[in-house]
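Going line by line, the protein sequences match chains P and W.
Note that numbering that gives the first Met the number 0 gives residue 361 to position 362 of the first sequence, counting from 1, and the numbers run on in steps of one.
Note that numbering that gives the first Met the number 0 gives residue 49 to position 50 of the second sequence, counting from 1, and the numbers run on in steps of one.
Hints in this document: simulated from the structure, not taken from any laboratory.
Here the structure is a predicted model, which means the values were calculated and not measured.
Selected chain W positions facing chain P (Cβ under 8 Å, derived; list incomplete): (1) Pro158; (2) Glu160; (3) Glu163; (4) Thr164; (5) Trp166; (6) Asp168; (7) Gly169; (8) Tyr170; (9) Pro182.
Simulated coverage check for chain P against chain W, where a stretch passes if three residues somewhere in it have a Cβ under 8 Å from a Cβ of chain W: (10) 75-83; (11) 91-104.
Facing chain W, according to a computed beta carbon distance under 7 Å, are these residues of chain P, among others: (12) Leu50; (13) Val70; (14) Gln71; (15) Gly87.
The beta-carbon is built from N, C-alpha and C at its ideal position, and this holds for glycine as well.
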Amino acid sequence: MVLELKGVGKSVAGRPHIHPTDLRLDGGTMNVLLGPTLSGKTTLMRLMAGLDQPTTGRVFQNGEDVTGRRVQDRGVAMVYQQFINYPGMTVYENIASPLRILRRPREEIDRRVRETAEMLRLTPMLERKPLELSGGQQQRCALARALVKGAGLVLLDEPLANLDYKLREELRMEIPKIFEASGAIFVYATTEPEEALLLGGNTATLWQGRVTQFGPTAQVYRQPKDATTARVFSDPPMNFVPIFREGNRICFGATANAPAEGALAALPEGRYIAGFRANHLRINRHSGAAVEFDAKVLVTEITGSETFIHVGHGEDRWIGLVGGIHNLEAGAPLSVWLDPAHVYVFGPDGELVVPAGYALAPQEKVA
Amino acid sequence: MRIRPSAIVMTVYILFLLLPIYWLLNMSLKTNAEITGGFSLWPRDLTFRNFATILSDPSWYMGYVNSLIYVVLNTVISITVALPAAYAFSRYRFLGDKHLFFWLLTNRMAPPAVFALPFFQLYSAMNLIDTHIAVALAHCLFNVPLAVWILEGFMRGVPKEIDETAWIDGYSFPRFFARIFMPLIANGIGVAAFFCFMFSWVELLLSRTLTTTVAKPIGVTMTRTVSASGMDWGVLAAAGILTLIPGALVIWFVRNYIARGFALGRV
Chain P
0 MVLELKGVGK
10 SVAGRPHIHP
20 TDLRLDGGTM
30 NVLLGPTLSG
40 KTTLMRLMAG
50 LDQPTTGRVF
60 QNGEDVTGRR
70 VQDRGVAMVY
80 QQFINYPGMT
90 VYENIASPLR
100 ILRRPREEID
110 RRVRETAEML
120 RLTPMLERKP
130 LELSGGQQQR
140 CALARALVKG
150 AGLVLLDEPL
160 ANLDYKLREE
170 LRMEIPKIFE
180 ASGAIFVYAT
190 TEPEEALLLG
200 GNTATLWQGR
210 VTQFGPTAQV
220 YRQPKDATTA
230 RVFSDPPMNF
240 VPIFREGNRI
250 CFGATANAPA
260 EGALAALPEG
270 RYIAGFRANH
280 LRINRHSGAA
290 VEFDAKVLVT
300 EITGSETFIH
310 VGHGEDRWIG
320 LVGGIHNLEA
330 GAPLSVWLDP
340 AHVYVFGPDG
350 ELVVPAGYAL
360 APQEKVA
Chain W
0 MRIRPSAIVM
10 TVYILFLLLP
20 IYWLLNMSLK
30 TNAEITGGFS
40 LWPRDLTFRN
50 FATILSDPSW
60 YMGYVNSLIY
70 VVLNTVISIT
80 VALPAAYAFS
90 RYRFLGDKHL
100 FFWLLTNRMA
110 PPAVFALPFF
120 QLYSAMNLID
130 THIAVALAHC
140 LFNVPLAVWI
150 LEGFMRGVPK
160 EIDETAWIDG
170 YSFPRFFARI
180 FMPLIANGIG
190 VAAFFCFMFS
200 WVELLLSRTL
210 TTTVAKPIGV
220 TMTRTVSASG
230 MDWGVLAAAG
240 ILTLIPGALV
250 IWFVRNYIAR
260 GFALGRV
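My request is simple: use the sequences and hints to build the entire structure.
Below is the structure:
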């Protein structure tokens with residue numbers, strides 16, 4: 000199946016929830032909708048499913064206009080963030096229910112229910128009621144019901160958000176396998192950049208009801224079109240510092256400067272905003288080209304073997320992710336280093352002017 | 000063994016509640032001579048004649064049959080009408096929905112007496128006087144709003160995503176409603192049906208106004224027992240006991256639903 004949105008937008012009471020959007024999702028692709036809460040992921044998904052009707056634009060499946068067609072006739076499947084199953088039915092009946100509606104022969108229903116249950120490791124729970132299962136099993140039951148009818152479009156709306164860490168890891172590994180076995184279009188909404196990177200495929204970043212960029216996940220990550228996309232696709236959030244070019248030097252704020260080399264050599268003179276990710280801010284001189292900043296420690300968060308260091312540099316607040324455990328006292332002065340090759344340069348309106356040098360380096364193609 | 004004060008208070012209270020019911024039972028098992036003759040805590044001259052009279056005389060037992068017919072009719076109509084209405088209130092936002100919902104409730108604030116006259120006139124014109132359906136419809140004015148109110152509370156507790164998952168799975172609306180949704184709010188339906196049943200069973204004024212002979216309910220029969228030969232106390236008491244039984248039975252059958260219903264929904 001091919002799903003196409005042409006100028007699809009949604010306003011509620013005059014307020015736009017989704018700005019007109021063009022999107023084409025090809026058969027057998029994994030598509031991640033990445034954005035913070037309230038960025039419109041769920042609304043966009045509901046428009047794709049046909050649960051909501053767009054105020055503008057048309058939705059096409061395989062070139063056929065399906066705008067306004069009943070959800071029942073669309074051949075879609077959906078899994079919600081909450082674990083939604085039919086509480087009165089057993090797991091078996093839950094999984095079988097879409098097939099029963101389609102009036103499939105009894106043997107076929109039985110075979111497909113058992114296959115799907117096996118794939119999602121639900122076989123021992125088939126005779127139980129969903130509410131007797133753990134959260135992860137309930138969500139697997141919902142997944143099984145979504146997959147069993149072989150829908151061409153499978154929508155997963157933050158399916159792992161309500162699960163604990165361990166189960167989330169476990170299911171996150173399983174979803175790509177399930178996806179490959181199904182051959183359907185998968186759309187997966189998440190707030191976590193890490194999840195998008197793990198799932199691969201394509202990513203659409205959303206910000207305030209707008210799709211800011213859509214493309215292969217690695218490309219969107221490495222070459223964000225603008226500061227908004229970079230901010231959405233970065234966890235912890237991207238750090239920003241004002242820079243300007245003067246002659247052959249790039250000046251970072253008032254104190255630091257570096258020669259305009261590599262990707263930055265082509266930068267015209269003027270004022271810009273530089274963005275860099277947390278893992279590129281270091282507390283040691285890690286490369287010869289690194290620029291040094293005098294900063295002040297605000298908070299340190301130690302997460303096992305890594306440390307998030309929140310520092311203040313003038314007006315800016317940055318977050319650095321460094322390996323090892325560093326228990327720094329709040330308020331203490333700290334020197335931090337940044338390699339200019341790790342800096343994305345954005346124009347005054349947020350558009351990308353020069354991508355980071357490291358992102359231009361050759362990389363393997365992502366299908 | 001020490002007796003706790005709380006146990007004494009409880010016992011006294013329960014005795015106090017049960018006293019009128021015991022006295023009714025006591026009277027129903029006595030002869031008229033004993034009732035009017037003096038004071039006795041239990042029947043000296045035990046008799047089942049009073050019950051036998053009621054169960055063998057059509058003018059008595061048809062009262063129960065008539066009452067049950069319109070009460071069941073009313074409960075079925077009320078729930079059938081209230082289910083879709085409550086679904087709409089719980090799932091859709093429309094112009095004036097909150098006002099309409101509140102207005103439904105205000106119907107319950109008026110005493111039934113207010114509506115006796117318009118109903119009588121209206122039903123006379125429609126030739127509906129002295130039919131079961133007349134009483135059943137009249138009681139709907141009070142029971143439908145109540146049922147909508149109760150059911151809406153239960154339906155709101157069911158996530159909307161269940162409905163949507165059912166559409167996505169391919170369920171048509173009627174099938175979804177009957178197969179998935181109604182089982183989920185079975186408690187609510189039980190509670191709502193209980194309240195409809197009880198209101199309709201105890202309501203006297205409208206049922207008396209709208210019936211004469213054919214559909215005359217038991218309550219009316221009981222108020223018209225003063226005959227030329229004086230009051231038949233024993234039979235009247237027996238009728239009272241028999242009138243309590245359907246209510247007690249209904250409470251027994253829905254007691255689990257009611258307990259959960261009070262906890263979950265809005266009653």
